[in-house]
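Enquirer: Sequence:
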Amino acid sequence: MVLNNKSRLSVSVSTETIALIEESLKLEKFRNKSHIVEFSINKVLKDQFIKSNKGAEENGN
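Residue numbers (numbering that gives the first Met the number 0): 0 to 60.
Because the hints were derived from the structure by calculation, they are not lab data. Note that the Cβ used here is the ideal one computed from N, Cα and C, for glycine as well. Some clues are possibly wrong.
Using 25 Å as the maximum straight-line C-alpha spacing, the simulated SDA-like pairs for lysine to any residue come out as follows [stated by the list, open to error]:
#	residue 1	residue 2
1	Lys25	Thr14
2	Lys5	Phe48
3	Lys32	Ser13
4	Lys42	Asn3
5	Lys5	Ile35
Per label pair, the in silico range of CB-to-CB distance [claimed, not checked]:
#	residue 1	residue 2	range
6	Lys53	Lys25	32 to 40 Å
7	Glu27	Lys53	32 to 40 Å
8	Leu44	Arg7	12 to 20 Å
9	Lys42	Asn3	18 to 26 Å
10	Asn41	Glu21	16 to 24 Å
11	Lys53	Glu22	28 to 36 Å
12	Thr14	His34	16 to 24 Å
13	Ser51	Ala18	29 to 37 Å
14	Phe29	Ser9	16 to 24 Å
15	Lys53	Arg30	29 to 37 Å
16	Asn52	Glu27	31 to 39 Å
17	Leu24	Asn4	21 to 29 Å
18	Ser51	Leu24	29 to 37 Å
The task is simple: from the sequences and hints, build the whole structure.
Expert: Next up, the structure:
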């Protein structure tokens, strides 16, 4: 199912992660749980991409 150029995704996370998500929502920096998950995934993937590119540059690739 696609909503506004987005796809639905179901994940299971620890109760500790849920608590962190709930605390983040209270800080009002994120609109909802989906916003937190999308932001976090993008951050991790971008950081990994930057690290892997940096390693490739250092190795002459």
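Enquirer: All hints, please: hold or fail.
Expert: Results for each hint:
1. Lys25 / Thr14: 17 Å, holds
2. Lys5 / Phe48: 22 Å, holds
3. Lys32 / Ser13: 14 Å, holds
4. Lys42 / Asn3: Answer holds: Lys42 to Asn3 is near 21 Å, not above 25 Å.
5. Lys5 / Ile35: 15 Å, holds
6. Lys53 / Lys25: 32 to 40 Å: 35 Å, holds
7. Glu27 / Lys53: 32 to 40 Å: 34 Å, holds
8. Leu44 / Arg7: 12 to 20 Å: 19 Å, holds
9. Lys42 / Asn3: 18 to 26 Å: 21 Å, holds
10. Asn41 / Glu21: 16 to 24 Å: 21 Å Cβ-Cβ, so the 16 to 24 Å window holds.
11. Lys53 / Glu22: 28 to 36 Å: 32 Å, holds
12. Thr14 / His34: 16 to 24 Å: About 20 Å separates the Cβ atoms of Thr14 and His34, which means 16 to 24 Å holds.
13. Ser51 / Ala18: 29 to 37 Å: 31 Å, holds
14. Phe29 / Ser9: 16 to 24 Å: 19 Å, holds
15. Lys53 / Arg30: 29 to 37 Å: This hint holds: roughly 32 Å between Cβ atoms.
16. Asn52 / Glu27: 31 to 39 Å: 34 Å, holds
17. Leu24 / Asn4: 21 to 29 Å: Given range 21 to 29 Å: holds, Cβ gap about 23 Å.
18. Ser51 / Leu24: 29 to 37 Å: 32 Å, holds
In summary, this structure violates none of the numbered hints.
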